[in-house]
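Chemist: Sequence:
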Amino acid sequence: MEMQEVKGQHSEIELAEVNGTSEEGAVNKGEEDRAGGGAQEKPEPPKPTNCWETPRNTSAVGPVYLAWWLPISLWLCDPSSFSKPAVPLDPMEYNPSKSSYHPVQDACWGHGQRVPYLAVARTFERIEEVSARLKNIETLSNLFRSVIALSPSDILPCIYLCLNRLGPAYKGLELGIGETILMKAVAQATGRQLDQIKAEAQEKGDLGLVAESSRSNQRTMFTPPKLSAAGVFSKLQEIARMTGSALVRLALSDLARSLGGKLRIGLAEQSVLSAIAHAVSLTPPGQGFPPEVLDAGQGKSAEARKAWLEEQTQILKQTFCELPSYDIIVPILLEHGVESLPQHCKITPGIPLKPMLAQPTKGIGEVLKRFEEAAFTCEYKYDGERAQIHILENGDVHIYSRNQEDNTSKYPDIISRIPKVKKGSVRSCILDAEAVAWDPEKRQIQPFQVLTTRKRKDVEAAEIKVQVCLYAFDILYLNGESLVKEPFSRRRQLLHESFVETEGELMFATSMDTCSLDEISEFLDQSIKDSCEGLMVKTLEVDATYEIAKRSHKWLKLKKDYLEGVGDTLDLVVIGAYLGKGKRVGIYGGFLLACYDEESEEYQSICKVGSVGSSHRAGSLQDHVLEKPRPYYRWDSSTEPNHWLAAVQVWEVKCADLSISPVHKAAIGLVDEEKGISLRFPRFLRVRDDKKPEEATTSSQVAELYRQQQQIQNQQPAEKAEEEDFY
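Each step along the sequence shown adds one to the number in UniProt numbering, with nothing skipped, and position 615 is 615.
Think of the hints as simulated: they come from the structure by calculation, not from any bench. Owing to the predicted nature of the structure, the values given are computational and were not obtained by experimental measurement. Among the clues, some could well be false.
Unchecked claim - When the alpha-carbon atoms are kept at most 25 Å apart in a straight line, the in silico DSS-like pairs for lysine-lysine are as follows:
id, residue 1, residue 2
1, K529, K560
2, K465, K455
3, K455, K354
4, K691, K455
5, K306, K98
6, K550, K317
7, K654, K560
8, K692, K457
9, K354, K171
10, K560, K691
11, K171, K560
12, K691, K654
As the list claims (entries may be wrong) - Now the in silico label distances, taken between C-beta atoms and shown as ranges:
id, residue 1, residue 2, range
13, K300, D518, 56 to 64 Å
14, K423, H102, 56 to 64 Å
15, D525, T180, 24 to 32 Å
16, K98, A307, 19 to 27 Å
17, T514, E441, 46 to 54 Å
18, A656, G480, 45 to 53 Å
19, N394, N164, 27 to 35 Å
20, R427, N95, 47 to 55 Å
21, F508, R456, 26 to 34 Å
22, E501, G337, 41 to 49 Å
23, E174, Q526, 41 to 49 Å
24, G299, R683, 40 to 48 Å
25, E460, A656, 43 to 51 Å
Beta carbons are placed, not taken as given, at the ideal position from N, Cα and C, and that holds for glycine.
With the sequences and hints as input, model every part of the structure.
Modeler: As structure tokens, this is what we get:
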């Protein structure tokens, strides 16, 4: 947007500023009056402040969340949503973390008004300052309670802003704006040189901080508009839908105000769900105004209140597992409350579920011991990509990844074959399967690396060079009926009755029902010969339901290399990097990795890993360099890296074994009160693009892997570990 256009559109505002009646002038005048030195002839009424306004001192709020809403353009904001609250509250004092929070009196906006974006920003700031999960849940729930009481229609945008999302994962709506474009936007919007912006971004490690400092040094020609949470969210969605030149043109003036998709304050989705459940339970929606019930837990003992909120939270979390869509759940919450969710929200084709995952095991003996009282089956564990197939009543077919991303356009070949392989009795269903690279000439499975060479999106059937076979191993929904509560034996039977095997197109997972150690051993060897990773062992009748979004002991995975060391590889988050020396100058020579602790929602250091290949030169991780570690990183000063990195990338790592560590913080307090656990001889295997940082190996899993080690089980003393063992 050209500056001349802005001047032309806002001449009245500029005239007001020239005449000394701008917001800044009014504020200064008010200060003079309070000091007794202002003109007395024409006293002006005091101007109420509110948290729609972008404060002059943005450093007090947290620049990453204010997102540098520069005054060059008003395009991002919807003027119809701007209004001033009747109550003159100071937005800079809004504090949703205060004790005995009152959802109406302590809010910084009025009933029926849009939720100010600054209220959300202040909440983020409070959460980032504190590492205690329960306190952060309380803080966020207080914001939500105010939204429910004052502006219930804004609760959904506020939830998505807290999750740093623009919609459900399966809709694929992301900003995806590169930092280069954002830097150009900051440069043009603030009148600074691009080289200056780049240099400062490299120094500070956060483009939000650069934009904030650029903004604070810039004089404005008119008062910036007041931003609402709903208005910001709506415009971010609009930006995300743009493509090509339209996006670039817009970015040069407006996108410097976006969050850049990098809001990371240590707030996990499970905490957001807890906060929603607490808010709806404590301050029930639909009461009218003023609400009669502001705290439904009042009068309960502390223990009873805690148990009640946990029960409400569990209902919401279970519902979200079966129907992971805030777009659907939130309106039902507002109308019916938490306890009615199970009656209104059920598994629905077209809305992907998070898959059930298996626990690793170190040997066949452990399998037999764990399942000694239950019948079980062994299936081939295929080395491909998890594929959840949804067949809708209207005949549409959708394919989703393990992260609920829509992969439909990636597999047009699978889509086209579904009508041929399903029987006529199937009207709608959800399949759990694995898409595996297939060689039609040799009629055999190909390695996973071959599958990764396929295009990720918008694949044309005629251009496909890597064929895939779909190996179906479970059915979760059939003809309007959820099957997740059915035992696996029943689900497997329905799967086989509903589809027809066709070689190279759709096959059922090769399986064998047995409890013989020798037969399992032979079957494991055969799976390796057939180009599989190993076996999946599943209970058939007892405790054999499908546990959505859980890593369950009802499913065990057994790989050949499990018998040679640690029972499983670990998926760890990169949080730091060490500069290389000698031949490694110019590249990172090592990395600090961490596991994820679900309870504290922090990343705990677990090991250093050495060279991982030329694909991770210093420049490739430059966008993720931080000026200082996040408050939710837990580490020891002796392991401090040269560069801290944002927790955005997950790596699969193999190790010889695990050991108690006085330095690393993984699983601290779970095995040893004061010491953590570290990996000996860790080795990088691959980047896990299919996993989010919050889906990394957890501290409790690390502790369990440690306990499962044979030397621990047999109480044998471990060899003394040298420091380099952990590198």
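Chemist: Now tell me, hint by hint, if it's right for this structure.
Modeler: Each hint tested on the structure:
no.: 1; hint: K529 with K560; in the structure: holds, 11 Å
no.: 2; hint: K465 with K455; in the structure: holds, 10 Å
no.: 3; hint: K455 with K354; in the structure: holds, 23 Å
no.: 4; hint: K691 with K455; in the structure: holds, 19 Å
no.: 5; hint: K306 with K98; in the structure: holds, 19 Å
no.: 6; hint: K550 with K317; in the structure: holds, 12 Å
no.: 7; hint: K654 with K560; in the structure: holds, 14 Å
no.: 8; hint: K692 with K457; in the structure: holds, 19 Å
no.: 9; hint: K354 with K171; in the structure: holds, 15 Å
no.: 10; hint: K560 with K691; in the structure: holds, 23 Å
no.: 11; hint: K171 with K560; in the structure: violated, 38 Å
no.: 12; hint: K691 with K654; in the structure: holds, 17 Å
no.: 13; hint: K300 with D518: 56 to 64 Å; in the structure: holds, 58 Å
no.: 14; hint: K423 with H102: 56 to 64 Å; in the structure: holds, 60 Å
no.: 15; hint: D525 with T180: 24 to 32 Å; in the structure: violated, 52 Å
no.: 16; hint: K98 with A307: 19 to 27 Å; in the structure: holds, 25 Å
no.: 17; hint: T514 with E441: 46 to 54 Å; in the structure: violated, 33 Å
no.: 18; hint: A656 with G480: 45 to 53 Å; in the structure: holds, 51 Å
no.: 19; hint: N394 with N164: 27 to 35 Å; in the structure: holds, 33 Å
no.: 20; hint: R427 with N95: 47 to 55 Å; in the structure: holds, 53 Å
no.: 21; hint: F508 with R456: 26 to 34 Å; in the structure: holds, 27 Å
no.: 22; hint: E501 with G337: 41 to 49 Å; in the structure: holds, 46 Å
no.: 23; hint: E174 with Q526: 41 to 49 Å; in the structure: holds, 43 Å
no.: 24; hint: G299 with R683: 40 to 48 Å; in the structure: violated, 57 Å
no.: 25; hint: E460 with A656: 43 to 51 Å; in the structure: holds, 46 Å
Checked against the numbered hints above, the structure violates hints 11, 15, 17, 24; every other hint is satisfied.
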